[in-house]
Each structure stands twice: as C-alpha cells, then as structure tokens.
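Protein chains in written order, with the numbering used here: chain V, 1 to 360; chain B, 1001 to 1507.
Derived by calculation from the structure, the hints in this document are not laboratory data.
Virtual Cβ for every residue (Gly too), placed ideally from N, Cα, C.
Do not take every clue at face value.
Stated by the list, open to error - Residues of chain V placed beyond 12 Å of chain B at every Cβ, according to the derived structure:
1. Val5
2. Leu130
3. Thr147
4. Gly167
5. Asn214
6. Ser310
7. Thr314
8. Val346
Claimed, not checked - With a straight-line cut-off of 20 Å between C-alpha atoms, the simulated EDC-like cross-links for lysine to aspartate or glutamate are:
9. Lys1362/B <-> Glu1413/B
10. Lys143/V <-> Glu1397/B
11. Lys143/V <-> Glu272/V
12. Lys217/V <-> Asp1359/B
13. Lys1396/B <-> Glu227/V
14. Lys12/V <-> Glu1397/B
15. Lys1027/B <-> Glu1097/B
16. Lys1212/B <-> Glu1397/B
17. Lys218/V <-> Glu1325/B
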Amino acid sequence: MIRIVKRANMPKTKSAGIRLLAVLLALLTSAVLIILALSLNPLDVYIALFKGAFGSAYRIREVVENATVLTIASLGIAIAFKMQFWNIGGEGQICMGAFFASFLALNFPELPKLLLLTLMVLAGMLGGGLWAFIPAYLRAKWKTNETIITLMMNYIALKWLTYLQYGPWKDPSALGFPKIANFSDNAILPEVFGVHIGWIFALILVVLVNIFLNHSKKGYEIAVLGESENTALYAGINIKRTIITAIFISGALCGLTGMIQASAVNNTLSVEISKGIGFTAIITTWLGFLKPGFILVVSTLFAALVQGGSFIQTAVGIPQAVAELLQGLILFFVLGCEFFIRYKIVLGKPFLSDRRGIKE
Amino acid sequence: MDVISMKGITKIFGSVVANKDIDFEVKFGEIHALLGENGAGKSTLVNMLSGIYIPDSGSIFIRGKEFKLTSPRTAIDVGIGMIHQHYKLVEIMTALENIMLGQKGQGFLHANTARKRIEELSERFQLGVVLDKKVYDMSVGEKQTLEILKVLYRGADILILDEPTAVLTPQETEKLFLVMNRMKDEGCAVIFISHKMNEVLRISDRLTVLRKGENVNTLETKDTNTRELAELMVGHPVSLAINRAEAVKGKVLLAVKNLTCVNEEKVQVLKGLNFTIRGGEILGVAGVAGSGQKELCEAIAGLYPVKKGEIIFGEEKLVGLSPREIITKGISMSFVPEDRLGMGLVASMDIVDNMILKDYHKQKGFLINRKPAADKAVKIIKKLDISTPGIHHPIKELSGGNIQKVLLGRELEAHPKLLITAYPVRGLDINVSYKIYDLINEEKKKGEAILFVGEDLDVLIELSDRIMVLCHGEIMGIVEAAKTTKEELGLLMAGETQQDMEGMRRD
C-alpha cells in the first residue's frame, strides 16, 4: 500500500538539492531518449548545447539579449501574480508597448536620440499599462475573469499589429513586401559591452521590483490583497485602486519589453515582435517563485537553453523538436519535484504492530 | 468483553505527534467523555475510530476482535458512527431522503420499508424526527437529531459526538442529553467530545483526559470535579475565576439606532437594532451561531453595508465611512471565525507582516519600516505565550490557537477606544482563555467600551456588565449580567422575548 504523507518543513539546502536532482534526472531521461531514438551520444548533444549557449562572444550576447526581455516581462508578470491576478496577457501588452513606442519612432525620427528614446520608453510603458488597465478595470468594477480577458486581448493586440503591417503602416519602399519601415538610428537603443542597453534596465528593474514588492506599502497591499480580498477590506485597503495600480505596472513592464524588442532587436515593428515572451515569462515567473532575483537566474538559464537548443539543430543535426523536448522534460521534472518537497511517499501497511514511528 | 479498545495508537503529522501511544477503552452501555484542550488530540483519536485517519501504529479491537478501519465505510460496517460538528445533510431534501442517501442497495429505493424501520428507530430512541420535513426548515437541534438517526439507521451502536453542544441553546442541549441517555440505555457506546467541563461532569459515566497527544488519565466521573479536570487538562493548577473589573462608567461611546442590514439575498440579517455601550463597560452578545453576530460586528467596522439606521461613535456618524477611517477613529474589530484565520490575518505572511496590517499606512513615505512591528511581535509572543519557531515564520504553519493569539495580541495592543471582539477564546486552552479575559478587563479599566461576542454563557455572565441576546437578527432582550441566569439567556436565545417571559411569570 502506498500512502502520501505531508512533510515537515524541509531545510533550504535539502529542497535545493531535490531541485538540482530533478534537473539531473531530466537530463538523464532525455539522454535515454537521445540514445534510443537518435542513436547519438547524449554527452555530445549536451556539450553542443552548452557550447551553443556560451561557446562564443556572439552566442553569449544573444543569450543576454533574450534573457533581458524575458526577465523584464517576468518581473511584470510577477507583480500581477503576487496579487493572484492571472495576467496571461503579457503578449498583448508587449505588442501594445511596441506599438506605442513605434508610433513615436516612425513619426518623429529626427528628434534628438536621448529625447526620442526616453519618450519611446515612456510610451512603451504607457501602451502596455493601458492594455493591462482594461482587464484590471473590468475586474475591479465587475469582477470579470481576468484570465480569459487578458488572454483574449492578446489576439486583439496581435491582429491590430497585423492590420498596421499589412495596411496603413506598410512601408511603400519595400516593393509591396508587407513590412513596416525600419526605425531611424535615433530610435535604436545604444549598446553597452556589445549588447543593447536593455540588460542594464533589466538589472536595475530586478532591484526596483524587489524593493517594490517586499519593502513598499503598495507591495504589501498587493500581497495582502492577493491572499484574501476580505482581509484587504478589513485592513482598509482600497481594493479597486490597488488592483488597477498593480496591473498597470505589470502591463507597463511588459510594454517596456515590447519597446526594447522593437527598438533594439527588430529595429522595427512587426507581428513577430513578441516571440511568445509573454507566455514564456509565465513559466519563468513561476519557476522563480515570484522573487525578482530568482527570476533573473531562471530567465537567463531559460534563454541559454533556447539558444543552445537552436544551435544543436545545426551542430549535431537533430530536429528542433529534440531541443524543445529537453526543455519540456526539465520543466516537467522541476515542477514535479515540488510535490516531493511538500510530500513524501510511504510504503507499507498503515497498521504496524511495532512502535517505531514514535519520537521519544 | 463488551468494549471498544484502542491500544498503543500513534499518529504523526509531519513533525507533530498528534497521538502518542494512546490506550483508550469505551464500554458498551456507557457515555464516555473525551476531554482535552484544543490540539490535545481528541479529534485525531476519534477520527481514527471512524476510519477517516489511519493510525501509524497501534490496533483497534471491538468486542475482542481486531479491526483495521481504513475508510469511513469500514467503520460504519463495524457499527461506528460519527456525528461531526458540521452536519453533512442535503438542505433541499427531506429527513427521510437524507437518511436513505448513499445506502448500498439494489438500485431502487424502497422508501416504504425504509420508512417503517426508521420510524421504529426514531420511536425507540425517542428522537421525534419528522421524516417529511425538509432540512432547510429544521433548527440546528433538529438537524443534529437527524444526523443521529442517520447513523443509527446505518446500524451504528458506537456513536461519536464531536463537540455536539457547541451550536446548541441550553434547552436543545438538555434534549440531546436525553437522547444520549436513551442510547446508553439501549446498550450503545457513546463517545462525547467536549471542552465544557460542567457538561462532561453531568452527562458522562467515565471520562478520559488527553493532553498533548497522550492519555493522561481515565476516571469515573462521579469521583472527580471541575478543578481536578482543569488541572489534568492543563498540567498544572489553574484559577477558574474571572475577576469582573470594576470600572468607572464613562459616557455613551457607541450608540446604535434602528440598525438594519440585508444580505445578498435581500433577507434582513439585522432587524432594527437599538443599543448603547458606555466607556468602561463590557456589553456581552449572546446568541446561537448565525444570529447576526458577524453582521453586527462587520457593520460597525464598516465592512457590511447598512440598509437603514445609524451607528454613532462619540459624536460622529460611522455609516458611510470607509473601514480605514473607522480604524483611525479608534475602533478595533476582531472576529475569530471557525477556521481561525478569517479576515483578520494573512495566512502566508509572518507575524511581523501581520502586525502591521492595520497601521502600515500610518508610516510616512513609500517604504515600510518593519522594525517597530518586529519589536511588537516579540512582545506579544512573550505576553500571550505564542509558540512559534520565530517571528519570521508564516502564521499558517502555526496551530489554530497560536494563530488566534497573534490576532488578539495585535488588536489588544492597538488599545482602541472601542474593542469589538467575537469568539476571542474559541478553542483556546483554559489558561490562555483566562489570560485573555484578564486582558479584556484591563482594557475595560482604561475606560474602553467593549463589545464581546461569546458562546460560553457562564463566561458571558461572569465577564459582561450587560448581555444583549440576539436571535435571527433581532435583539430579544438586554439583561444585567449580575441578575440573569443561563436559563433566562437560553430562552431569549431560542427566540422568546423579555415581554413573553414576563407574561409567563404573571400567568
């Protein structure tokens, strides 16, 4: 007979050990699959994966670039999740942030660089914030389900960009090709150490969001409200205002992500702007326990895994699906191990005649 | 050997040993009380008898034969039936339908044969259940009797009653005791869990005291008394007197006029309440659970919408103010619900973060300084003897009693002008309960007005200056605590008005 028993609190070192073990088990399981299905040496694949992520300065830059946007979007999602407001609308907020920033970039390309970029950052945050404001307002006013509304608004934002790209914003000089004109140099974020300056934004935001969530009044209100609306009411917290403020900030950070993608990575606006970051950020936020520092680490590892994954396709000659499989397995094992951190499985009969269980 | 015996029962939850090597024996034809403070392991022990928990070690024998009770179904098969604190009945069905629910059978309900058997049982045990009455039309007492009939119908001759009197008026309790005696006479074994010592002394034949998961002693009821039992439960001698503090009555601090509230279904939950509380006075509130106590507390605190009427605090009208404005005026409200957490605390936060819940906004600037709160947390832990691994431990991992102490500590430490406290000692051990009463009395001496919602009538009578009795959202009467009796309060709780009773006296 198998029984599931709740564990007592586990020391931090032990739970960290279990999580590490989960990653190793994931690697081991995929190793078996790699041998069986592809007849390749899994060690070669893993080495290639590592090389793909960190093997050259260029690859490291790519990883940093991807980690930057993932981190900023995850920080935004974390603020919403802390309030137990399930913001699944990161994608849409990224799109709208990019749209607002692009509007400035395309219409005022000759503004001084610093001014234009500052305005674009603000516009991006405003765009994402406003897009998130809509579901937040609906939730605060009529208790609508934010999961569905934020999700649906992703598609509205995406179709809006499609309309722009194929319609009014189509670049006439692109010979009929449906693309939006490239930004002027003034609208492109500068580089620091070979990577666009967004990575510095990300590091600063990790610190700021940490202070905001853990040491500010608003952060405290968000946490109380997330736990129970009744308790928030009892404590005299203005529930509507807290929901709207928190979700505006959440959306603004996603909007900033969109601005960085448009300005520094794509140098223009397109329907591919969000690349699924808004969804991936949900995973990294969870894996980072809604804690900014962990989110930075998890986002970086995730970016490395994606980067390494696309490299092994060409280097070892295996389909991209294998890389995705590996990502999936790691996620599966890491999320699954949380169960073993909270519970243990006991084998054997419940009625024991001996009395070994007793602590003296 | 006509006994049920549990031998060497141990049950461990995580690092908590809920039951440690307990031997427990009940005879058929006796009422056996199980006594102990909250967390002593009473519920854990009987839950293993009713198949809800499985012991980690130990054995259970009924009439000398060993049984392995691995589910509620196997327990009822050997004749063990449990009446839980929360009734498990389907409201829109009749008594008969509820009894027949979930019965193993051939797929058809033979209502007529079943009805005959049920009527016989009801007759034999003098339960007086009306089989065609819908559950939603029943009083709490009737529902409880129905639960008893239900387990009897399933063939139970070992009955476990988990704090059955907590929700009853004194009159309903009397009726329950008659039924329990009847079951005893029919040869059933009755296990009665309670922490009300006077009830235990009245009804039981033998009793077993548990403390910290261990069987302290099994005694003949006739050989013991309140003082000895309290000492056994707590582990050292305790004083059981509430010192009613004499305080100078100040001017009227809170005046409630014609207060009427309706719930979401547009049903009136408070019907035109009128009362006042002076500074230095404790107004007790008695009533069966759900008589409007919660709505009254929340309405004063600004958490429940007021339909009509006024709440005047000092010179100011409170209706329409936000909860925060009301807190700032010096009104503290703590309602301890059945699950202990309710709305006053944040479960996943530590004690420090819970300390600042109501005053963090008074700090200047954008950030919160948690240092004063940490000092306060240390102080309260010491004052109320809260057992916790530290001030930075999530309170949801503390026991119910300790969680409650965190809430009360914070509210008392706020030294409000009006202290509203509902069920502050719910489930707390005797020692701490009396400490809380003393603390409430101290606040009274400082001239605070106190609204004390309680469930133990003895305590209400000893602690309060006046007692207001609620029934179905109406005030049935406000009596002087020093001149009233439990019987009078009981009748008021059951819905007799003071005028009715005076009428009766004249007859």
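Do the hints match the structure? See the list:
{"no.": "1", "hint": "Val5", "in the structure": "8 Å, violated"}
{"no.": "2", "hint": "Leu130", "in the structure": "24 Å, holds"}
{"no.": "3", "hint": "Thr147", "in the structure": "21 Å, holds"}
{"no.": "4", "hint": "Gly167", "in the structure": "44 Å, holds"}
{"no.": "5", "hint": "Asn214", "in the structure": "9 Å, violated"}
{"no.": "6", "hint": "Ser310", "in the structure": "39 Å, holds"}
{"no.": "7", "hint": "Thr314", "in the structure": "47 Å, holds"}
{"no.": "8", "hint": "Val346", "in the structure": "9 Å, violated"}
{"no.": "9", "hint": "Lys1362/B <-> Glu1413/B", "in the structure": "16 Å, holds"}
{"no.": "10", "hint": "Lys143/V <-> Glu1397/B", "in the structure": "31 Å, violated"}
{"no.": "11", "hint": "Lys143/V <-> Glu272/V", "in the structure": "32 Å, violated"}
{"no.": "12", "hint": "Lys217/V <-> Asp1359/B", "in the structure": "11 Å, holds"}
{"no.": "13", "hint": "Lys1396/B <-> Glu227/V", "in the structure": "12 Å, holds"}
{"no.": "14", "hint": "Lys12/V <-> Glu1397/B", "in the structure": "16 Å, holds"}
{"no.": "15", "hint": "Lys1027/B <-> Glu1097/B", "in the structure": "32 Å, violated"}
{"no.": "16", "hint": "Lys1212/B <-> Glu1397/B", "in the structure": "18 Å, holds"}
{"no.": "17", "hint": "Lys218/V <-> Glu1325/B", "in the structure": "18 Å, holds"}
Hint violations for this structure: numbers 1, 5, 8, 10, 11, 15, all remaining hints satisfied.
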